[in-house]
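Asker: For reference, the chains in residue letters:
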Amino acid sequence: MWMYILAVTAAVLSLLVGISTGSLSIPFSSIVRILAAEWFGAALPRHIPADWVPIVMAIRLPRVVLAFLVGASLALAGAAFQGLLKNALADPYTLGVSSGASVGAVLVIFLGWQWPLFGTFTLPVVSILFGMATLAAVLAFTRAVERRMSVETIILAGIIFGAFFSAFISLMIALTGEELRQIISWLMGSVAMRGWKYSGLLLPFFLVGAAVLIANSRELNAFAFGEEAALHVGVDVTRRKVIILTAAALLTGAAVSVSGTIGFVGLVVPHMVRLVCGPNYRVLLPLSLLYGGAFLVLADVAARTIIEPRELPIGVITSLIGAPLFAVLFFRKTKRKMG
Amino acid sequence: MLEVRTVSHRYGQQQVLDGVTFAVEKGEIFGILGPNGSGKTTLIKLISKELPLASGEIVIDGRKLSALSAKQWARMAAVLPQTAEAAPGYTVRETVALGRYPHQRGFFPTWTEDDEAALRDALAAVGLTGKIDEPLERLSGGERQRAYLARALAQEPKLLLLDEPTNHMDVSGQVRLLDRLAEAAHARGLTVVAVFHDMNAASLYCDRVLVLNKGKIAALGAPADVMTPALLEEVFAAPIVRLAHPASATPMFSFMPNKKQGESPVGGLRLSFLDDAAVLTAAAPLRVLSSALIGAGFQWATHFVNRQVGLGYDCSDAEGDMRRYLEQHGFPPERTVGMMTAVDVRDAVWLQKEGEAFSVAVMATAGVGNAVDAARAWQHQPLAARPGTINMVVVIDGVLTEAAFVQAVMTATEAKAKALADRSVCDPETGTLATGTSTDSLAVAATQTGQVFAYAGTATELGRALGRLVYEATVEALGRWEKRRKRR
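Each protein sequence line maps, in turn, to chains X and G.
Its first residue numbered 0, the first sequence is counted upward by one per residue in numbering that gives the first Met the number 0.
Its first residue numbered 0, the second sequence is counted upward by one per residue in numbering that gives the first Met the number 0.
Hints in this document: simulated from the structure, not taken from any laboratory.
Source: prediction; values computed, not measured.
Be careful, since some hints might not be right.
Stated by the list, open to error - Short, incomplete list of chain G residues facing chain X, as computed with Cβ under 7 Å:
no.	residue
1	A66
2	A73
3	A86
4	Y89
5	R92
6	P101
7	G105
8	F106
9	M251
10	F252
11	M255
12	E460
Unchecked claim - Calculated Cβ distances over 12 Å to all of chain G for the following chain X residues:
no.	residue
13	V11
14	F140
15	V211
16	F222
17	R238
Said to hold, decoys possible - Using C-beta positions, here's what the derived DEER-type ranges look like:
no.	chain 1	residue 1	chain 2	residue 2	range
18	G	P108	X	N86	34 to 40 Å
19	X	E151	G	Q81	28 to 34 Å
20	X	V144	G	V174	40 to 46 Å
C-beta: ideal position from N, C-alpha, C; glycine also.
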């Protein structure tokens, strides 16, 4: 229980820090008052300047919420991939779905597409369609190769598709002129200047994906002992595998389409949670969700404050903070086990 | 409980199972034996739905395998695989709890009291209750395999399938796992179908065994009936000997190594004397059947020690004392036949006879202060033992069957009794002719090389030579004993 309380506290604190930090520092108490006034119609105290309200509500809140959802989606997907593929190096991008989503996004920038009615929102929508198409292709290919859909085949299929799409992206980068900067900065990932629409696009995928994965924690535990063991205790192996892969891939594709390919969160957050709380998916999934979200919110805070007023790409920050943190945890845990 | 009907399976062009049909009764422990590639693991994988059933039919508890969903199957049957993949970080509790999966329903099932009871019960059955919160990787290999057995038991199956469950375990781990398994099977009416690599384990634990050879049934029945050396030799393509288990009414098996034993005719024997012992030493181990203090029963031995002890010897721990004595004098106790006597061992008689096809030798010491008429020994007062005993070692150059060993013992004993009668040795209590003393020891040893003797009774040349030599040695030993007694 304390593990959940701690994780929720960390998530709420990270959100408050995320809203509070910026060129203009807003105290926690004022944030709470503003939210209370906006959501529950409470009176806004006099000492809070009125122009803080749009800063909180229109700029910072959407940004931290998006960061939280992206971080949570990637961490959940990473945990599921690692367990199902029984591979510690698996991350949300293993299956190639993110590459597919990236191709869609880069294509939109490259061709300068703007669909009527969608406007700039064309990019995430095209991106997520590409991601889903990629998932369908990977699964269909795997199934065609082998009806059982073994883990090895899935990983190989993902690598084939991923490599193919990466080449496409490189090709477009090579051919482009003016959009180069835009493409690169999208690829490095960002949650800046997105507004509520992006969270709105991600949210349904996030809710469904998270619910499906958490509902499959017992199956994921069974898969941790190998597909054979899962079969022996009565798991409908092939069906469950497809369900879990689809849920995790949709989470990934949706997250990539709204924020670009932010690395490290999906790989390392589940590992860190596992080091502290054990491998049981009943606990691992909810905690990965909370810590993944919190981690990305804080990474975003660092990305926009380190060399203010310029912003660093968030994908760089996640690795800059994440790698040493992971190293320390891993070192201490392993030492303790040996000692 | 389990019916397998004309099941065949092929991997590509290779036929691994070919029309296999058998049925397993409820509560049976059913073993599947066969060499590598005989199809045993394939058979288990077909029953456990790991491989699709292409031809034939499998019925579990009246229901066709093909009609069962994964969960339905797992409520009826459980599998203990050869080696389970390790899942780092999981505790014993979490591992065993997975066994409740087929009984849980809904998206977010709660852990019920039934689940907890089944988990506790399974852990108790395998003796891991105390390790419930240990991480799996901190358990020994045997304990881990027992944890997986507990997971299978937590499924509360009617049928348990095992694929070489003790493959990577040490002896104590194997015995514990199999004992637990047999217990659980009996207590729960569980049907067990197990693939065995080890013929001895199969023979000890199975009610019936199925012997597979090249995908076909080679034999099916109780281990004692079907596991004949001839069949096993054919199936496993290796020379195999069958023995009787000393404590269980089941056959035991060993290999016949293809190694030449060194030539060790009776002439290779050497008789030597210590201060208080006559020692016979063989150049190569001899197979011995004896009633000696040390190394009784069937044994392989290189040393025969006939130790002299005083009249007032305290025999409360004769065996332990003899063992220490052997160790002090550098005799390996596991390869030595040790006897005791109050007779002066310098009077030991050593006779040899070379036949045309064999040679026999006898070492004897005799004293008859304790002579007994076996037919009237019931008239004796208990504890009326006096010093005086006849110890004898008979060595035969040749291969003796077990029957020949027993006949050699009979022949030697009869010849000894006749020697006593001819020298008119009487039982002092009954006044009748004595047949031996109350503490006689006999060892019959054979080189187990050269000619094979199926019998050693008096109908055979070997038996006749043996009887004569034992008779002469006993008479001579008795003469020496009497002479020494008169001198005193």
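Asker: Each hint needs a verdict: does it hold in this structure or not?
Answerer: Hints, verified against the model:
The interface hint given for G/A66 is broken, as the beta carbon of that residue sits about 15 Å from the closest beta carbon of chain X, more than 7 Å. For G/A73, the interface hint holds, the least distance from its beta-carbon to any beta-carbon of chain X being 3 Å, beneath 7 Å. Interface restraint check for G/A86: the shortest CB-CB distance to chain X comes to about 4 Å, inside 7 Å, so the restraint holds. Taken as an interface hint, G/Y89 checks out: its beta carbon lies about 6 Å from the nearest beta carbon of chain X, inside 7 Å.
Taking 7 Å as the C-beta contact cut-off toward chain X, the hint placing G/R92 at the interface is violated, the least distance being around 10 Å. At its closest, the beta carbon of G/P101 sits 4 Å from a beta carbon of chain X; the interface hint therefore holds under the 7 Å criterion. At its closest, the beta carbon of G/G105 sits 9 Å from a beta carbon of chain X; the interface hint therefore is violated under the 7 Å criterion. For G/F106, the interface hint holds, the least distance from its beta-carbon to any beta-carbon of chain X being 4 Å, beneath 7 Å.
The interface hint given for G/M251 is broken, as the beta carbon of that residue sits about 32 Å from the closest beta carbon of chain X, more than 7 Å. Annotation: G/F252 was flagged as interfacial toward chain X, and the flag is violated, the nearest CB pair being 31 Å apart, outside 7 Å. Against a cut-off of 7 Å between C-beta atoms, the interface hint on G/M255 is violated, since the closest Cβ of chain X lies about 38 Å away. A distance limit of 7 Å between C-beta atoms decides the matter here; for G/E460 the minimum to chain X is near 64 Å, and the interface restraint is violated.
For X/V11, the condition that its CB be more than 12 Å from all CB atoms of chain G holds, with the nearest at approximately 24 Å. Look at X/F140: its CB is around 22 Å from the nearest CB on chain G, clear of 12 Å, so calling it non-interface holds up. At roughly 9 Å, the least C-beta separation between X/V211 and chain G is not larger than 12 Å, which violates its mark as non-interface. Once the 12 Å rule is applied to beta carbons, X/F222 is inconsistent with being away from chain G; the minimum gap is 9 Å.
Listed as a non-interface residue, X/R238 fails to keep its Cβ farther than 12 Å from every Cβ of chain G; the least gap is roughly 9 Å. The hinted range of 34 to 40 Å is not satisfied by G/P108 and X/N86, whose Cβ atoms lie roughly 28 Å apart. Look at X/E151 against G/Q81: about 20 Å separates their beta carbons, and that is not inside 28 to 34 Å. For the pair X/V144 and G/V174, the beta carbons lie near 45 Å from each other, so the given range of 40 to 46 Å is met.
Consistency with the previously given hints fails for numbers 1, 5, 7, 9, 10, 11, 12, 15, 16, 17, 18 and 19, ordered from lowest to highest.
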